[in-house]
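Let chain A serve as the given structure and place chain B with the ligands on it in line with the hints.
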Amino acid sequence: MKRTTLFDSGYQWIVFGRDPNKAENLIDTNQYMIRTANRCLLLDPGGTELFAPMLAAALHYAPVEEITDLFASHQDPDIISSLGLWDQALPEAKLHAPAIWEGFLRHFGCNRIEYVPIEDAGGTIDLGSMELELIPAHYLHSSGNFNVYDPRSKILMSGDIGAAIESHDAPMFVEDFSEHVEKMRYFHQRWMPSNRAKNDWIKRVRKLDVEMLAPQHGRIFKGDDVERFLDWFEALSVGGAVQV
Amino acid sequence: MKTNTERKKSQFVSVASIATELSDVMVVAKEISLAAANAKAIAYRAGEKARGFQPITDFINELARETIGLVNQINEQASELYETTVSEHRHEEANRQFKAVLELGSDAAYVDSLFPIAGRIEDELGEKRHQLKSQVDRLLDQLSEIMHPARAARVIAANSRIEASQAGEFLQSLLTVAESVDKAAELMYTNVQRCRSSMAMMEL
Ligand SMILES: [Fe+2]
Ligand SMILES: [Fe+2]
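Residue numbers (the working numbering), protein chains in the order written: chain A, 1 to 244; chain B, 1001 to 1204.
Don't read these hints as lab results, they were simulated from the structure.
For each residue, glycine too, the CB sits at the ideal point set by N, CA and C.
Please note that a few of the clues may not be correct.
[What the hints assert, rightly or not] Restricting the straight-line Cα-Cα distance to at most 25 Å, the calculated cross-link-like pairs of lysine-lysine (BS3-like) are:
id: 1; chain 1: B; residue 1: Lys1099; chain 2: A; residue 2: Lys2
id: 2; chain 1: A; residue 1: Lys22; chain 2: B; residue 2: Lys1099
id: 3; chain 1: A; residue 1: Lys207; chain 2: A; residue 2: Lys222
[Said to hold, decoys possible] Distance ranges between label pairs, derived from CB positions:
id: 4; chain 1: A; residue 1: Lys94; chain 2: B; residue 2: Ala1100; range: 22 to 28 Å
id: 5; chain 1: A; residue 1: Ser129; chain 2: B; residue 2: Asp1141; range: 27 to 33 Å
id: 6; chain 1: A; residue 1: Asn21; chain 2: B; residue 2: Gly1126; range: 28 to 34 Å
Only chain B is shown next, with the shape it has when bound in the complex:
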């Protein structure tokens, strides 16, 4: 079993690493959005030949926007979670210290006066732990939600390839767009997956 300090350390690292992974996801989502704009321009020039491509570009754009929104939400929650982690850590430390006072002062005339305070601190620690757990759960939920646009983007990329094959001389450019959406979505997928597994380590 991990020691308390080790567990704490890995919690702090987990929460901090979410921010890093998410900022990468953000970059990727913006790339997707750019790819969508590119695709739209190409499809426009290709005219009739790329008719099937137009709604796809709108859809890609929509997905990118949704992803960016979700990342913003998750970021906010991750920073809340960070605060709770810090606060829970403080409470744990205080609880440890007050237990030590009760032990060291067991022969002190007024040791009883500390019981209500030590009790309050223990209760608060319980509350903090509870809060931490529900915040971790909520964040895990949101991380699985953000997997949907990533998965959808990959499906769209596959469709785009089919549509691109109809586009004659624009085939190459549209294939490139499809390729970049696919790659971006894959990257996003791995990043979020990493986030989730480091979060899962935090589960108490």
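Next up, chain A with everything else stripped away, as it sits in the complex:
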């Protein structure tokens, strides 16, 4: 699993992905880790198939007992079907996840980990030495869905928003935005159901100072590409499977 440090100043943001051993027919995912002095948060830690490579990669940065928090942006299997295994590995940890998905996510196995429900309006994750904001991103694509914003590093972990279907050896960052657009278009048109939800999210995100927009699939948008993405997404009509 490739490991890339996105931010390193007092604490770290690390992205894991592009697993060369991943089965062909599984969608490639990016997993994120925030490492503070004595605690770690894993964001969208991934599917069951990814558990072993993901935990092995995390152990390069922290002992298992310092992985204290998990975050699941929504209920999809590629996000968190590994929960039952994390439940074995991190019996003291907390899972921050949308309140409406609690009864569903528990089907993956969540007996020891504490489920901390995120209400629709959002909230925060307190890691002791730092605090993260939970930005509502409902219906993009999941009906209960959140982004994580870190005001210090200015990284917005955007879940499936900004996702692109890429080959497993693609670079971690967007290099040519106009070329990248075609890898995102179908996914956003087909998976995102609501233009209203999309516009609400764009409005929220425009109020934030975002240096990096980091999705769960594909490449990370940096600097001006963040604004380019917001403009592109704003102009895109979604909910494409229903012809009116």
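This is chain B with the ligands only, laid out in the frame that chain A set:
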């Protein structure tokens, strides 16, 4: 040798098939109980001629009741066993995954921190396996216990035939009763036998 997945699959099927076989046994036990009630009514009408038949009908009824009770117990244990099978399967999967982490992360700075957890998971798997084995053994015991009423019912059916021969014009009806008890008992016997052989496959 069977692969692990194949073995697991056949375990799940075994436990699930017990429930099916047992619900058939239950139907049969109820049939026997009905046959006993029939026999009682006929014996009552036959009066003196069927005197020897009366205690037999009570006995048949008793056997049917005992069988139903045992089936209920076995059903309960079979569903416990099913839960253990699922849980053992989960533990096995977790154990496999944690072994993979240790291998993939062998060069990771903090790989040692996983040793106690991996050890705990291995221990728990051992416990689960042990629990599964003792539950299988207990269920096998109960399945052999339920063979007793089935065997007894067949003996009674044979006795009933002898008694029926004394019953004059009621001969035919009483023979029918004896016949149905015999058939039911035989069915029960085969069902339980099938249960036992599919269970025996589960033995680790
Ligand atoms: Fe998703
Ligand atoms: Fe996804």
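For each hint, the structure was consulted:
With a C-alpha separation of about 21 Å, the suggested pair B:Lys1099 and A:Lys2 falls inside the 25 Å cut-off, and the hint holds. Annotation: proposed proximity of A:Lys22 to B:Lys1099 holds, straight-line Cα distance about 17 Å (limit 25 Å). Distance check on the hinted pair: A:Lys207 and A:Lys222 sit about 17 Å apart at the alpha-carbon level, within 25 Å; holds. Taking the beta carbon of each, A:Lys94 and B:Ala1100 are about 25 Å apart, inside 22 to 28 Å as hinted.
For A:Ser129 and B:Asp1141, the Cβ-Cβ distance of about 59 Å falls outside the hinted range of 27 to 33 Å, so the restraint is violated. Evaluation of the 28 to 34 Å hint for A:Asn21 and B:Gly1126 yields a pass: the beta carbon distance comes to about 29 Å.
Violation of the numbered hints given earlier is confined to hint 5; every other hint is satisfied by the structure.
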